[in-house]
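Chemist: Residue strings, one per chain:
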Amino acid sequence: MDELFWSIARTSGIISLCLLTGSLLLGIMARSGRSFGALSRYTQGLLHRSFSLLSLLFVALHVIALLADSYARVHLIDLLIPFFGEYRTFWQGLGTVGLLLMLAVSLTGLLRQRLSQPMFRGIHLASYLLRPIAVAHGLGNGSDAGAVWYRVITVVSLALVATAGIWRLTANYADHASARRLAREGAKP
Amino acid sequence: MTTTIPTMHSGVLEEPRLLAAGPDARWTEHLECFGPLPPTTSDQQILAEWDASGLAGRGGGAFPTARKIAAVQRSAARTRRAPVVIGNGSEGEPLSCKDQLLLVHAPHLVLDGLLLTSRILGASHSWLAAKSGVHPRLLEALAERGENSVALHATDSHFLAGQATAVMSSLEGGPSLPRHPAGHLSDAGLAGAPTLLVNVETLAHLALIARYSAAWFQTAGTAADPGSRLLTIHDQGRYQVHEVHGSSDLSLVLEQLQISAANIQAVLVGGYHGQWTKDPRIQLAATNDVHRRPVALAAGAGVIEVLRHDACPLERTSQIIDYLARSSARQCGPCLHGLPTLARDFQALAQRRANAQLPEQIRRLGALVTGRGSCHHPDASARLAISALQVFGDEVAAHRSGTCLHTTQEQR
Amino acid sequence: MSAELNINWTRCQGRGLCLELMADSLDSEPWGYPLPREGQGTDHGKVRVQADQLEAAREAVKMCPLSALSLQEGDSALDGQR
Numbered sequence: 217m218d219e220l221f222w223s224i225a226r227t228s229g230i231i232s233l234c235l236l237t238g239s240l241l242l243g244i245m246a247r248s249g250r251s252f253g254a255l256s257r258y259t260q261g262l263l264h265r266s267f268s269l270l271s272l273l274f275v276a277l278h279v280i281a282l283l284a285d286s287y288a289r290v291h292l293i294d295l296l297i298p299f300f301g302e303y304r305t306f307w308q309g310l311g312t313v314g315l316l317l318m319l320a321v322s323l324t325g326l327l328r329q330r331l332s333q334p335m336f337r338g339i340h341l342a343s344y345l346l347r348p349i350a351v352a353h354g355l356g357n358g359s360d361a362g363a364v365w366y367r368v369i370t371v372v373s374l375a376l377v378a379t380a381g382i383w384r385l386t387a388n389y390a391d392h393a394s395a396r397r398l399a400r401e402g403a404k405p
Numbered sequence: 136m137t138t139t140i141p142t143m144h145s146g147v148l149e150e151p152r153l154l155a156a157g158p159d160a161r162w163t164e165h166l167e168c169f170g171p172l173p174p175t176t177s178d179q180q181i182l183a184e185w186d187a188s189g190l191a192g193r194g195g196g197a198f199p200t201a202r203k204i205a206a207v208q209r210s211a212a213r214t215r216r217a218p219v220v221i222g223n224g225s226e227g228e229p230l231s232c233k234d235q236l237l238l239v240h241a242p243h244l245v246l247d248g249l250l251l252t253s254r255i256l257g258a259s260h261s262w263l264a265a266k267s268g269v270h271p272r273l274l275e276a277l278a279e280r281g282e283n284s285v286a287l288h289a290t291d292s293h294f295l296a297g298q299a300t301a302v303m304s305s306l307e308g309g310p311s312l313p314r315h316p317a318g319h320l321s322d323a324g325l326a327g328a329p330t331l332l333v334n335v336e337t338l339a340h341l342a343l344i345a346r347y348s349a350a351w352f353q354t355a356g357t358a359a360d361p362g363s364r365l366l367t368i369h370d371q372g373r374y375q376v377h378e379v380h381g382s383s384d385l386s387l388v389l390e391q392l393q394i395s396a397a398n399i400q401a402v403l404v405g406g407y408h409g410q411w412t413k414d415p416r417i418q419l420a421a422t423n424d425v426h427r428r429p430v431a432l433a434a435g436a437g438v439i440e441v442l443r444h445d446a447c448p449l450e451r452t453s454q455i456i457d458y459l460a461r462s463s464a465r466q467c468g469p470c471l472h473g474l475p476t477l478a479r480d481f482q483a484l485a486q487r488r489a490n491a492q493l494p495e496q497i498r499r500l501g502a503l504v505t506g507r508g509s510c511h512h513p514d515a516s517a518r519l520a521i522s523a524l525q526v527f528g529d530e531v532a533a534h535r536s537g538t539c540l541h542t543t544q545e546q547r
Numbered sequence: 059m060s061a062e063l064n065i066n067w068t069r070c071q072g073r074g075l076c077l078e079l080m081a082d083s084l085d086s087e088p089w090g091y092p093l094p095r096e097g098q099g100t101d102h103g104k105v106r107v108q109a110d111q112l113e114a115a116r117e118a119v120k121m122c123p124l125s126a127l128s129l130q131e132g133d134s135a136l137d138g139q140r
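Sequences listed follow chains Z, B and U, in order.
Going from the first sequence to this note's numbering is simple: count from 1 and add 216.
Going from the second sequence to this note's numbering is simple: count from 1 and add 135.
Going from the third sequence to this note's numbering is simple: count from 1 and add 58.
Treat the hints with care, as some may be off.
Stated by the list, open to error - Derived contacts from chain Z toward chain U, CB cut-off under 8 Å, selection only:
hint: 1; residue: 258
hint: 2; residue: 322
hint: 3; residue: 396
Unchecked claim - Derived coverage of chain Z by chain U (criterion: at least 3 residues anywhere in the stretch with Cβ under 8 Å from a Cβ of chain U; other residues may be distant):
hint: 4; stretch: 326-339
hint: 5; stretch: 386-395
In short, the hints are calculated from the structure, not lab data.
Built from N, CA and C at the ideal position, the CB exists for glycine as well.
Same shape as in the complex, but just chain Z (with noise of 0.2 Å):
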C-alpha cells in the first residue's frame, strides 16, 4: 500500500506544479490584459482561476498520501510548522511553506470580492513566490528529481516563466501601454 501511496505522492505533486506554472503563465498573459486570438481576456481570466484551484487540489491530494504512507514519515504537525520533518528537513519545510501559502493566496482569491484591494493585491503577489519555492521543493525531495524526464521538464518550464518575466518588464507589455504613456506625457506636474 505505501509504494501506492508513494506514487500517488509524487505523481499529484509534479502534476500540482505543473499547473501552478500554468497559472502562474496565465496569470503574466492576463495582467497584460491583451487577447491571445483564441484565448480571450476571459478565457484567460477562467483558465488562470481552474488551474489555480485544480494546483491546490492536486497539492491536497499530494499532502493526503503522504499522510497515509507511513513509509514517509510525514505527520500532521508538518503541514503546518514548517522545517519540522524528519526526512530532508530543509525541502520538506519549503513544501509546508508552499503548502501555507498556496492556502492563504487561494483562500483572498475565492474572498476577494470581500477583501480590500490593498490586502488581496499584497497577498496574491506572494504567488510569484510559490513557484520557486515548489520548484526548490520538488528538486530537494522528490524521488524523480535526478531522472532526466524531471529535469527536462524543470527547465522548459523555466524558462517559460523567465521569458513571460522579461516579457512583464517590457514596456509595451500592457495593452494600450503606448498609447497611455503618449496621453500622460503631459501629467507630470
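Assemble chains B and U onto chain Z, guided by the hints.
Modeler: Leaving out everything else, chains B and U in the frame of chain Z:
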C-alpha cells in the same frame, strides 16, 4: 445688528453680514456684534428656520443645506449611530480666497455654526478642516471660547484636496484624493457614520440664521438664490473679497468695484470649474439657469476672474486646463489620460498651430471624459474647455488661421 | 427588469474583460477603458444593462480582475435618485 431692508437687492451688500463684527474679530467683538449662541431650547426652532431659509451650500455644490441636515438626521435615527459634522475650509480652488478670509476674520461665526449643527444633530465628533496656515488663529479662537470639542484637521493645498470625499479620506488617515462614491455621505461617511460635510461659509450663514431667522436671511438675495455670498473677484493679478446679494447682477458688482465695462473682454464665472461669459449682464446665482432673462450662471465657490482686452482668452483657458490636467488625482483612467490630451490639444489651439480639427477634437475629448471618473473633476474641466470654445468663437476662428485678436505675441 | 452597472473608476485599469463579455453595451476607447455605447450610459456615469445582457454583466462583475464592477439590479424607477 439691525434688520433694515436694503435699498437694492443686488450687488455688494450695503451692510456686511458675515463680516459685521469687523476684521480679525475676537470672541468679545463677536459677542458684542452678534450676541450669544441661542440656547438649546431654541434648537427645534433653529432647525425650522434653517429649513425655511432656502440656504444652499457655499462650497460650490449649492445643495440645499437643510436637506443635507435632514438626511443626516434620518440616517442617524435609522442606523442608531451618532453623526459626525465636518466644516470644510480646505478651499482647494486657487482663485478662491473667501474661506481663508472667513476663518481668519470671523472664525467665531464658523465655530458657532459648527457647534450649533453638532449640538442639534447630537454629533459625536466635530471637525474643522482647513489649511495649516489658519490653524494658529483657529486654535486661538477655540481657546478664547474655552471650547475643546472641535478637532482641527490640516488639509493639503492641491486642487482636489477640498473635494468632499478627499477630505474624508484625509481624515481617515488616507491620501487627500477623492474616493469612488459609495452612497451618500449622509448615510455612511467618516468611519461609516452619518456625516454632514459643509463649507465653512455655509456654517457661518447657519449661525446667523439661527440668531436672526430665515425671514431676515431672505432680506438679501432673491427667492431663487436667497441670502448673501462671499465673492472673490480677480482682476489684473489682484483680488478682493466682497459679500454680495444672491443672484447679483455681475455688471452691477463690477460697476460697484469700479471696473469699467469697457475694459472687460470676458469674465470667468465660478472659478476653474466654471464658465466664461462675454456679456456681464448675467446673474451670479447658486445654479445655472440659461433659460431665464437675465441668464443666471453658477457662482460655484463664489469666484470670478475678469479678463481684460490685453489677454488672449484661449491662452488663459489653456493655462487653466493645463493646471486642471496636472491636478488630476490620477486614479481614474479616462481622467488621467483624457485631461492631459485635452490640455495639449487646447494648448495647440491657444498657440495658433494650424489644425482645423482641433475644436472638434477638443469637443470629442470633453465628451469622452465626462461622467467617466469617480468625481466631477474631468466633467467640470471639460465643461470649461467647451465653454471657451463656445463663447470665444471669433477668437477660435482667428487662431485657426494663425492670428490672435487679443495679443501681439509671436506665433510659436 | 433593468439593471445598472457601476464602474469604480478608481479601481478600473482597463483590462478589458467586461468589453469582451458585454460587447453590446460597452465599447472601447483610445486607452482601453470601458465606454458605454450610444444611449447605454445614464447621467450618473452608470451603464444601463438590458435583460439579455444581465447574465453577462453578472459574469463581468465576478471576473473583473480589479473588482471594479458592481451591479444594481431591480426596477430603477423604484430605487429613485441615488
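Chemist: Flag every earlier hint the structure violates by its number, smallest first.
Modeler: 2
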